[in-house]
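Q: Line order of the protein sequences matches chains A and B. Note that the first sequence ends on residue 467 in our numbering; no numbers are left out. Note that the second sequence ends on residue 1697 in our numbering; no numbers are left out.
If you're looking for bench data, these hints aren't it; they were derived computationally from the structure. Ideal Cβ placement from N, Cα and C applies to all residues, glycine included. Keep in mind that a hint or two might mislead.
Stated by the list, open to error - Partial list, derived from the structure: chain A residues whose beta carbon lies under 7 Å from chain B:
1. E169
2. T194
3. S214
4. D218
5. T321
6. D399
7. S443
What the hints assert, rightly or not - The calculated lysine-lysine pairs, modelled on DSBU-like cross-linking and capped at a C-alpha distance of 30 Å, are:
8. A:K94 - B:K1550
9. B:K1521 - A:K144
10. B:K1472 - B:K1620
Next come the chains, spelled out residue by residue.
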Amino acid sequence: MKIKNNIVNLACTGLVGLALPVTAFSAEFEVSGKVGVEQRYFDEKGQFNEQLSHGQASIFIEPELYWSWNNGNDSLTFKPFYRKDQHDDERTHGDIRELSYIHASDNWELRAGIRKEFWGVTEFQHLVDVINQTDTVEDFDGEDKLGQLMLNFSMVQDFGIIDIYVLPGFRERTFAGSEGRLRGPLTVNTENVSYESSDEEKHIDFALRWSHSIGAFDIGSYWFHGTNREPILTPVMVGNKLVLNQYYNQMDQFGLDVQATIDDWLWKFETIYRNTEEDDFWAAQAGFEYSFVGVFDSNTDLGLLVEYGWDSRGDGDNGSMGAAIQNDLFFGSRLAFNDMQSSEVLFGFGADLDHNAFSFVLEANRRFGESFKASLDVRLFQSTSSTDLLYSIKDDDHLQLGIEYYF
Amino acid sequence: MIHKRIVTSFIATLALSLSAVSVFATADEAAKQKGLDISKEAKARDAGWVDGTADMLMILRNKQGQESTREIKTKTLEVLDDGDKSLTVFNKPRDVKGTAFLSFSHPVGNDDQWLYLPALKRVKRISSRNKSGPFMGSEFSFEDLSSFEIEKYTYNYLGDETVDGLDSFMVEQFPVDENSGYTRRIVWIDKAEYRLLKITFYDRKNSLLKTLTYQGYNQYINKHWRPDSALMINHQSGKSTELKWTNYAFKTGLQDDDFNRNTLKRVR
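Using the sequences and the hints, build the whole thing.
A: Here is the structure:
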């Protein structure tokens, strides 16, 4: 549904859909988006009392409204999101993914409002990606993010792109509720959230990033100062129930991401150094992706991915929490069939080399007709060591079928 | 005597064939040169468009006649001392709406290419070695859609033929890049205006793979000829892809500044 119109005409008659020639003064308005249904099936009953047993259905809507004027140099985007979950009250949630204004000039842009910003190059973990809070209840892969209020000034220079971010307003991470699966033994308390900063969730965060492409290399580096997106969770008794309270400290973080694109090889490297009141640490994720074009005498492309994740905190001891990914190896394979329906299959396998813990994911999707897309996901977890984070979701193997309609 | 005669005639034949070889060699050189000259002239006649925008509809058809449509916008900047820069953005199918592709092409070596994935807000540098793979499931490969640069081929003039009533040159082009999906292509270029009328593509086994024909040429700003549509037929699979262009515009004022990762993220 695309409506091009002239502002004056729109104002005078309120009619839409008249195909008038686009001039420099015309505005463009577009409505698009998606709605979807999703069904999860868990093979085993949950480890913890209140968890749903097998089936979990949900529906979601994510429309996008877009206005642009001044020849596309000014634009406004509004993208709300809402999901209704059958069982998990915490997964039933809404968010403004985007409510953002952009003004673009020759070599600079001003972006203001609620936005999402992605940084990084690796596939199995997004270490350097720090601007937006993770919408953990949405999906297990951590790629869904909550909208972040920001003022972002971006300049294109000969030596690369400089981005300055001022981030007022902090978003708490989302966590599965008591009936939800894919969580630890204790649920996270959404009340009584505490902060290191006396400004609490009103602390104004700041980030400065430089990114550039030099020949085969794409490099990005940044410094972030503000509220840590990862909470420290502490068990407390609330009434007669043990829950986890969230505490967000302040952090300074340096990040670097590099990709070298050399023939069929993509070499990827990400590292961060984080300094907080509680600890200082380094972490890195590195690996490669190699593509075979037209395998099996067909149009299918086969990509192979290998990544390794390391964290100086190690797997933790009595004194510290440790890191989820501290000595982990990942293998993946992507099959793109390059057919009319854009069919794709992705496999991933992760192994924690310090614990007997493995995870396996399969994601397959294809288009049906012009506007429908179906996806099938399978996630399997195995862990025998109770100190590993995967241990609490070891019974959460599941299959997920999704159908999305795009408009 | 008989023996001597045979030897004599053998020598005569040899001499004849030797001279024939040298005649062919000169003819061969001349054909190469003419093929190159025609291609250079075609490129030179179209030079100076500075920048261009267009809307493109891509209609994919399989053997059973099922159709699928892609709606694409392109912005291109002519770069005279290097390959062109281009921004391509998808509007349909809806599930890839907003997906955009930035390419800095180079006459020799790999192009620099970035892909923007709007759902993740992620810009990904991608390998440009995949020249032979299909573009969005169509019968066009990435190399079929990349800008024509003289250095990408070696040439051979094959003769003249009439295409759609137009007297045309027939030139064989051999890709220099070893990652090309073709051993060669034959292009038909009309003598009057040096427009591409038809291309046949030969796969790595040198069998006829595809035929591309262009229709409905119009001249823009009194110089540049652009087709309204093109049809690519894959003879081996029976599938075809039709391209339809609308809203061609040239010298729209696009700058180098309009082709970077920032513009890639907000292009519509």
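Q: All hints are to be evaluated individually against the structure, with a verdict given for each.
A: Against the structure, the hints:
Hint status for E169 of chain A relative to chain B: holds, with the closest Cβ pair at about 6 Å, below 7 Å. The criterion of a C-beta within 7 Å of any C-beta in chain B is not met by T194 of chain A, whose closest approach is roughly 13 Å, and the hint is violated. Hint on S214 of chain A holds. Least Cβ distance to chain B is approximately 6 Å, under the 7 Å limit. With a least beta-carbon distance of about 11 Å to chain B, the hint placing D218 of chain A at the interface is violated under the 7 Å criterion.
This hint holds: T321 of chain A has a C-beta 5 Å from the nearest C-beta of chain B, less than the 7 Å allowed. With its C-beta approaching chain B no nearer than about 5 Å, D399 of chain A sits inside the 7 Å limit, and its interface hint holds. Look at S443 of chain A: its Cβ only gets to about 28 Å from chain B, farther than 7 Å, so that hint breaks. For the hint linking K94 of chain A to K1550 of chain B, the alpha-carbon distance of about 16 Å falls within 30 Å, and the restraint holds.
Our distance criterion of 30 Å between C-alpha atoms is met by K1521 of chain B and K144 of chain A, whose separation comes to about 28 Å. Under the criterion of a C-alpha separation no larger than 30 Å, the hint pairing K1472 of chain B with K1620 of chain B is consistent with the structure, at around 14 Å.
The structure does not agree with the numbered hints 2, 4, 7 stated previously, though it agrees with the rest.
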